[in-house]
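**Q** Each chain, letter by letter, is given below.
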Amino acid sequence: MRDFIRRIRQLIHWRRFDDDLAEEMAFHRDMAAREREEQGIDPNAAVRAAHRTFGSGALAADQARDVWIPVGLRDLSADVRFAFRLMWRERAFTATAVSTLALAIGMSNTVYTVVNAMILRGLPVAHPDRIVMFNDGSPNSQVLNVSYRDVEDWRAATASFAEIGLFSNTMFTIGDEGRSPDVVGGSYVSTSIFRLVEERPMLGRDFLPADEQAGAAPVVILGYSVWTSRYGSDPSIVGKTMRVNNTRATIIGVMPRGFRFPLVDDLWLPVSAMSGLQRDKRDVRQFRAGGRLVEGISMSHAQAELAALTERLAREYPATNRNFRAAVLPYTGTATHPMFLSLFGAVSCVLLVACANVSNLLLARSGRRSREISVRTALGATRWRVVRQLLIESVLLASIAGALGFILSVAGVKAFAYSVRGINFAYWYNERWTMDHRVFAFVCGVCVASAFLFGLVPAIHLSRRDVHDAIKQDARTTAGPSHVWADVLLVAEIGFALMLLVGAGLMMRSFLAIYRSDLTADASQVMTVSLRPPPAKVTTADERLAMYRRIEARLRTNPALAAVTVASAPPYIGAPMWRIELDRRRQTSEDPTRRASFVTIDRGYFETLDVRLVRGRPFTDDDGMPGHEAVIVNQQFVTMFFGDVDPIGQRLCASNPDNRTVASLCAPIVGVSPTVRQQFMSDLDPVVYFPLRANPISGMLLIRSADLHSAATIVRSEVQAIEPDIVVWRLMPLETWMEQSRWGHRVFGTMFTVFAVIALVLSAVGIYAVTAYSVVERTKEIGIRMALGARASRVMALFVRRKLPALGAGLALGMGGAFGVGRLVRSMLVQTSPTDALTLTSLGGLLAGVAMLAVVVPALRASRIDPTVALRHE
Amino acid sequence: MGTTVPPDLLPGTLELLILKSLAAGSHHGYGIAQRLKTVSDDLLHVGESSLYPALQRLLLKGWVKAEWGASENNRRARYYRLTGTGRKQLARERAEFDRLIVAIQKVLNAT
Numbered sequence: 001m002r003d004f005i006r007r008i009r010q011l012i013h014w015r016r017f018d019d020d021l022a023e024e025m026a027f028h029r030d031m032a033a034r035e036r037e038e039q040g041i042d043p044n045a046a047v048r049a050a051h052r053t054f055g056s057g058a059l060a061a062d063q064a065r066d067v068w069i070p071v072g073l074r075d076l077s078a079d080v081r082f083a084f085r086l087m088w089r090e091r092a093f094t095a096t097a098v099s100t101l102a103l104a105i106g107m108s109n110t111v112y113t114v115v116n117a118m119i120l121r122g123l124p125v126a127h128p129d130r131i132v133m134f135n136d137g138s139p140n141s142q143v144l145n146v147s148y149r150d151v152e153d154w155r156a157a158t159a160s161f162a163e164i165g166l167f168s169n170t171m172f173t174i175g176d177e178g179r180s181p182d183v184v185g186g187s188y189v190s191t192s193i194f195r196l197v198e199e200r201p202m203l204g205r206d207f208l209p210a211d212e213q214a215g216a217a218p219v220v221i222l223g224y225s226v227w228t229s230r231y232g233s234d235p236s237i238v239g240k241t242m243r244v245n246n247t248r249a250t251i252i253g254v255m256p257r258g259f260r261f262p263l264v265d266d267l268w269l270p271v272s273a274m275s276g277l278q279r280d281k282r283d284v285r286q287f288r289a290g291g292r293l294v295e296g297i298s299m300s301h302a303q304a305e306l307a308a309l310t311e312r313l314a315r316e317y318p319a320t321n322r323n324f325r326a327a328v329l330p331y332t333g334t335a336t337h338p339m340f341l342s343l344f345g346a347v348s349c350v351l352l353v354a355c356a357n358v359s360n361l362l363l364a365r366s367g368r369r370s371r372e373i374s375v376r377t378a379l380g381a382t383r384w385r386v387v388r389q390l391l392i393e394s395v396l397l398a399s400i401a402g403a404l405g406f407i408l409s410v411a412g413v414k415a416f417a418y419s420v421r422g423i424n425f426a427y428w429y430n431e432r433w434t435m436d437h438r439v440f441a442f443v444c445g446v447c448v449a450s451a452f453l454f455g456l457v458p459a460i461h462l463s464r465r466d467v468h469d470a471i472k473q474d475a476r477t478t479a480g481p482s483h484v485w486a487d488v489l490l491v492a493e494i495g496f497a498l499m500l501l502v503g504a505g506l507m508m509r510s511f512l513a514i515y516r517s518d519l520t521a522d523a524s525q526v527m528t529v530s531l532r533p534p535p536a537k538v539t540t541a542d543e544r545l546a547m548y549r550r551i552e553a554r555l556r557t558n559p560a561l562a563a564v565t566v567a568s569a570p571p572y573i574g575a576p577m578w579r580i581e582l583d584r585r586r587q588t589s590e591d592p593t594r595r596a597s598f599v600t601i602d603r604g605y606f607e608t609l610d611v612r613l614v615r616g617r618p619f620t621d622d623d624g625m626p627g628h629e630a631v632i633v634n635q636q637f638v639t640m641f642f643g644d645v646d647p648i649g650q651r652l653c654a655s656n657p658d659n660r661t662v663a664s665l666c667a668p669i670v671g672v673s674p675t676v677r678q679q680f681m682s683d684l685d686p687v688v689y690f691p692l693r694a695n696p697i698s699g700m701l702l703i704r705s706a707d708l709h710s711a712a713t714i715v716r717s718e719v720q721a722i723e724p725d726i727v728v729w730r731l732m733p734l735e736t737w738m739e740q741s742r743w744g745h746r747v748f749g750t751m752f753t754v755f756a757v758i759a760l761v762l763s764a765v766g767i768y769a770v771t772a773y774s775v776v777e778r779t780k781e782i783g784i785r786m787a788l789g790a791r792a793s794r795v796m797a798l799f800v801r802r803k804l805p806a807l808g809a810g811l812a813l814g815m816g817g818a819f820g821v822g823r824l825v826r827s828m829l830v831q832t833s834p835t836d837a838l839t840l841t842s843l844g845g846l847l848a849g850v851a852m853l854a855v856v857v858p859a860l861r862a863s864r865i866d867p868t869v870a871l872r873h874e
Numbered sequence: 001m002g003t004t005v006p007p008d009l010l011p012g013t014l015e016l017l018i019l020k021s022l023a024a025g026s027h028h029g030y031g032i033a034q035r036l037k038t039v040s041d042d043l044l045h046v047g048e049s050s051l052y053p054a055l056q057r058l059l060l061k062g063w064v065k066a067e068w069g070a071s072e073n074n075r076r077a078r079y080y081r082l083t084g085t086g087r088k089q090l091a092r093e094r095a096e097f098d099r100l101i102v103a104i105q106k107v108l109n110a111t
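Going down the list, the sequences are from chains A and B. Numbering (the numbering used here) for the first sequence: 1 to 874. Numbering (the numbering used here) for the second sequence: 1 to 111.
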């Protein structure tokens, strides 16, 4: 260790070291010469003798130096210096290679930073990788509704879970005397919910199992934001009471800042406070559930155990559990997960294309390098030494590119953050687009890996060249094995570029499909308004219906509001999927799993959205009354359930698959609407619209107005005027909901496209460079050919024909890969087949065209070479 | 003609000799070589190409220190001086060396 410090100190004064040593040795030699002189030897002979005895001064100095610097290190620094000089001498090459790589590394790092923030870092809890949620086992499902009894069964009969918690996300009205009420998002939870993520309140106590029992005294735990905004961070809040909906609950704790588990919650109440809680009915599935795995238990083990259990329960309770299945999925495995991973795949393709490109450039340059390498070999450099020298050059290139790429990625991450601003992510994503040690390690890893990736082939190729051949003959006239490698790289480049293009093309088609379908309704002048009546005042369905009707009537008299209606769920924000059964006599095929979005709407819904019904009639005020049953379906529903049969007058029954206690609704179809998107991201989007009166669950107001800003003020004051204790909130343009539901396709589609375009440009540049280089290499040969009478077209064909097999093979392999890409991104595609013929052929054609252009342009230049100039070319 | 150090010297011996010669007082490289030559009755000629690397090794180990000073004929020369650890090292190596010589002699005298 002390040695090490001395070494470093010596290295700092390195310049002085050489001077000192030289001076010291000169002194030695002088003294020796003088001594001989004193002995009477001729001065000149004395000096020569002294020199002879001294031996090689240079060798001694080298050895003295080697004491301080290990030999390997000295060679390394020589290699690095040489590499730098070379890079400087070939500035054009260096600039091309570095910018190509920097672009690719910059993009990879951008994506990695985002993926790291969203997926890899995981939940900010103690054991993020052990937190799971449940779904029904189908591929794209994220959600499983469970009953209280289901979870009790699971707790009793599984050993994989250290904790299972259930929750029901809802909105709470909170209020105290003398202060206006607020609406906050929160959940009814089982008291195990915080133990599930091993988190504790920062103030007060956690829920106790007793809090969950029937008849327990009402308690509530506050989220940090409620505590600060509504209670001014009152440190003595614990023990006070607050009104939550219509009960008075004791505040027992405050959760730490940033904690909003399980969804985006700011308030938690035990399930015992939930009105309508069904503890014993297996088929009233009011909750969602999550769990924490026991340490050492794998996801698949837990999955197997759970599957066996649900199977058993299905046999024991066929009436309620026959079709109930559950599967485990990682908590962070949200809908965007495959999106990010495929993005990562895409950016890896760009990186590979860039590497192939640089590799090809290096190979093309190898003709020029081969003489230098041969001389090195002839002077005794081992093959390893040569390969090392070449790899050091590659690593240096990659490192410079990596540094630039890192800077690029900072900008890239900023751009990503900008493009998703305002999007509501799950709580643990927010504001975390930061780089950390993992990102840095990633960049370094990518640099080294890419250096080997693009550097190894040229290095091996160069070091293998026969010394004699290379020194003897003009290496530039031969088409050696480097061209085989160049073709292989070309094939890879084109293949990856095509895969990327197709991936991007499919994403863009889906994205356009969504945008096009979103033009069906005119969302631009529509806003949503949520109403929150005091829970004690409006309890029955009739009261709720009356309330909506009163407010609608009042608002409709206001000339500033063009249209007013109520719906259980506006477009784009999703809706529960209900089971649909058609009148059995006419049903063409029996399929009990067929479902459709269930939405209740009031009169004026379609006018508000500026949608004309395709057939039939809209609802009247009477619809939904006994004897006046009616239902409107959308076109997608007709296509799926009726085909070509006229649906008007047909009866259908809709029932809630998660809650058998809700009566099913049956009605004849009176109208068909165009397909207005209801779900977030769905290929098939069948919807049944029932009259509000038929099932007056809580909903939202939809208001059309040319001036949404003043409409918001009007709605607030009008509602306050007739219903002063109703909380009016979530006044949001419908376009905001729309954007929330499709940002993924916008952002990811754009990113995919950017990557694909860059890959296209890179491969075009690569093909161009390689062809142009071989033209330069073979200038003399071309000159000879032309001097002997070869026509320009033949010279051109010479180059084009050489590249054709590689281009063809690249396209063919890329097509094969594109099918794979299609399968990978299938879950994100909307109204687009993963093997969409138009996308495949047009993008394949585009790439083929661009590649051909990149070959033809330099080949054309070759055909215009003046033979007299070419023959003098050296 | 004397032996040129180091063909076939035991490893570390040259360093030991240098340390020993510096024990009498600091000296420059040429002086060390001279001292070794005279003390060994002209038997040990230290090749300069082994002397200077050896001196660097001693510097690296911290057993000697180098300072620039004026030589006897008033030229700038680098003087080497034994450090405290160098002195300790000399004692240790010396004992080690003695034991080794005894051992070698035992082997050679064995019948």
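The hints are simulated quantities; they were obtained by calculation from the structure and are not laboratory data. In this text, a Cβ means the ideal position worked out from N, Cα and C, and glycines have one as well. Incorrect hints may appear among the rest.
[As the list claims (entries may be wrong)] Only pairs whose alpha carbons sit at most 20 Å apart, straight line, appear in this in silico EDC-like list of lysine to aspartate or glutamate: (1) B/Lys37 - A/Asp19; (2) B/Lys65 - A/Glu37; (3) B/Lys88 - A/Asp19.
[What the hints assert, rightly or not] Where chain A lies over chain B, by a calculated footprint (3+ residues, C-beta under 8 Å): (4) 14 to 26; (5) 52 to 59.
[What the hints assert, rightly or not] If you want the ones that stay clear, here's a sample from chain A, every Cβ over 10 Å from chain B, calculated: (6) Arg6; (7) Gln10; (8) Ala32; (9) Ala64; (10) Thr173; (11) Arg195; (12) Ser298; (13) Arg369; (14) Met508; (15) Met577; (16) Ala667; (17) Ser741; (18) Arg861.
**Q** Now look at each hint and say whether the structure bears it out.
**A** For each hint, the structure was consulted:
1. B/Lys37 - A/Asp19: 27 Å, violated
2. B/Lys65 - A/Glu37: Judged against 20 Å, a Cα distance of about 31 Å means the pair is violated.
3. B/Lys88 - A/Asp19: 31 Å, violated
4. 14 to 26: violated (count 0)
5. 52 to 59: holds (count 6)
6. Arg6: Label violated. Min Cβ-Cβ 6 Å, cutoff 10 Å.
7. Gln10: The claim breaks: A/Gln10 does not keep its Cβ more than 10 Å from every Cβ of chain B (closest is about 8 Å).
8. Ala32: Check fails; 7 Å does not lie beyond 10 Å.
9. Ala64: Given that some Cβ of chain B is not farther than 10 Å from that of A/Ala64, nearest at about 4 Å, it is violated.
10. Thr173: Fine: 78 Å to the nearest Cβ keeps A/Thr173 off the interface.
11. Arg195: 60 Å, holds
12. Ser298: Holds: least Cβ distance 54 Å, greater than 10 Å.
13. Arg369: At about 36 Å from chain B, A/Arg369 clears the 10 Å cut-off, so the statement holds.
14. Met508: 65 Å, holds
15. Met577: 78 Å, holds
16. Ala667: 95 Å, holds
17. Ser741: Holds: least Cβ distance 70 Å, greater than 10 Å.
18. Arg861: 59 Å, holds
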